[in-house]
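K.L.:
Sequential numbering from 1 applies to the sequence shown in full-length UniProt numbering.
In case anyone wonders, no lab produced these hints; they're calculated from the structure.
Every residue gets a Cβ at the ideal spot worked out from N, C-alpha and C, and that includes glycine.
Any given hint might turn out to be false.
Unchecked claim - If you anchor each label on the Cβ, the simulated ranges turn out as follows:
1. PRO158 x ILE108: 31 to 39 Å
2. PHE86 x ASN120: 23 to 31 Å
3. LEU168 x PRO355: 32 to 40 Å
4. GLU58 x SER472: 51 to 59 Å
5. LYS206 x ARG186: 27 to 35 Å
6. GLY469 x LYS7: 39 to 47 Å
7. PHE86 x LYS235: 56 to 64 Å
8. ASN142 x PRO355: 46 to 54 Å
9. GLU295 x GLU497: 20 to 28 Å
10. GLU477 x SER4: 55 to 63 Å
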Amino acid sequence: MKISGEKTKALVEFISGFTRSRGSASYSELLVKLVSYLKNAGVPSNAIRIKEYPCDGESIFGNYRSTFAWEPIKAELWLKKPYRQFITSLKNSPTALLFGSAPTDGWIELPLVVYKGKGNYLGKAVLAKATPKRVFEDAVINGGAKAILLSHMRGQCPEIAREPESNLDVVNYLSIPNTKEDYKYRAFGFSLSERKYRLLEKLLEKGQVSIEASVETMVEKGMLQILEIDLTEKKSPYVLIIAHLCHPSPGANDNASGAALALEIAEIISAAKGFPPIKISLVPEFLGSTPYAIEMKREDDLPFLVINLDMVGENQDKTGSSFLLTETPPILPKRYDYLLEYNIMKNIPRCDEIPIKRFYRIPYSAGSDHCPFTAIGISSPFLGHLPDRYYHTDADSPDKVDCKELEWVGSSVLKSLKDMSSSNPHSDVYIKSKSISDFVYYCENIKHKPGSKELYGAFLKAFEAQENGFNSLFSIESFLPSERSLVPKFEGSIGFEWYYDLPETLKKSLKWNAVSLAELITVSANILGSRESTELFISVYYGISQEAISELIDFLVDNGYFMEGEF
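Make the full structure from the sequences, and use the hints.
P.N.:
Pasting the structure below:
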């Protein structure tokens, strides 16, 4: 039952060699090879299957619209005027071409201008630093631009040198919208290193600039594929271990590491006894995990627990990362968070019994494949590393992956799974003590407030208060009911589209990640169905004002994502 860090890292290296864009031939080729790998490792053939969902640019999964299947083939970008100079190519950087780019059908020359928000960019290429979606809407859809040249690093964190100034030659992984509606604009684009961006910016300050580009891509209808390894032997309830496989090469930590570790766990469990029924699935991120979760719900085949592995192999010294357990919201069963935390701390690498790695349990956060499952009421802890100096760049390479980190994470997951099948008195005491402490904390902070009654009922279940004998610590009379309902008008997680219409003033007033807030509003509305409970819960949980939460809910209701009424 031992995780081999070297073997897992070797699989990370193998996966990193593939450009794993959703629905692409490269993604499918990798799946075929991984199926062969599993069979050679002794995983039963009848336990391995590939599930498929449309990748056609128009199918809707909950709050997500499918993209087209997209495959990069060749791409070059040159400066044409004031002089000819090579800028970038797909051969030089696998992240140089914006995901979703249309082909140019040969070489094309375009004048280059600086992006300045909405305006007339007809027939031009724009140089920008803003988010790709914003530039695409302003410059391409509304302004008529043909191409986008971007230097945009998401999730900047100067404290660990995740910023353009410290990574002048890094090329970010970026994408432009790629639905059927978006593709009619036939736009393309390149992701530039900060150094190349500054070169073009300086030239534009001096006079006219033009670029020349050639892009060859395959854009077509295809299938979103999920590799599912079913080790349940048709028993239930079961645990689902999930990891996303997509992302461009190299994408070593994000997320070849999670996929490789999930496969290593599958190999071990298939040959061992003493584990609960388990499925392991590799998905093309949200566009795979969302229809997968919705289908499971409709077929009444949901797991009782999801463990999401996303960016689990970081060399902390090289990447500046910390290992994080992103917890389940405390209106869902908390036992498994505490169990994972216990085993992670037991297994943490030490020197003279002193931990030498960074590890934290943090509040619920969005951004990965636990979200579609949490949204429909499944405890779904997320194991990963953030912030990361190199994620979503061409520098996210296998040399940033640490064998010992993979062993630490993998061994902690395996031991936690074992403890679910056979009681461990030490972890049981830890779980009970954490449950009592958190139960008291939340109940003390919500009592005598509108919406607290529904929350109290959820906390009783989430912390197993009756089973652990502390359900009598509070009287039901201390908690007040809600008056208004709040219900999502979509299935699964809320996604990201709404965020681009959120006013900047509201983003600033929230003082928290707005996407995580909206996902937690979705979870709470699905579980509690009450507006007052949702506002109170999120205010206490994240420590932000209830008024700000109320304003965000108003925005989501007004924009058609939720409906409210009499409770």
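K.L.:
Could you run down the list of hints and mark each one as holding or not?
P.N.:
Now the hints, each set against the structure:
1. PRO158 x ILE108: 31 to 39 Å: For ILE108 against PRO158, whose Cβ atoms are near 37 Å apart, the range 31 to 39 Å holds.
2. PHE86 x ASN120: 23 to 31 Å: holds (30 Å)
3. LEU168 x PRO355: 32 to 40 Å: holds (34 Å)
4. GLU58 x SER472: 51 to 59 Å: Taking Cβ atoms as reference, GLU58 and SER472 lie about 55 Å apart, which means the hint holds.
5. LYS206 x ARG186: 27 to 35 Å: holds (31 Å)
6. GLY469 x LYS7: 39 to 47 Å: Taking Cβ atoms as reference, GLY469 and LYS7 lie about 45 Å apart, which means the hint holds.
7. PHE86 x LYS235: 56 to 64 Å: This hint holds: roughly 58 Å between Cβ atoms.
8. ASN142 x PRO355: 46 to 54 Å: Holds, at about 53 Å.
9. GLU295 x GLU497: 20 to 28 Å: holds (21 Å)
10. GLU477 x SER4: 55 to 63 Å: holds (56 Å)
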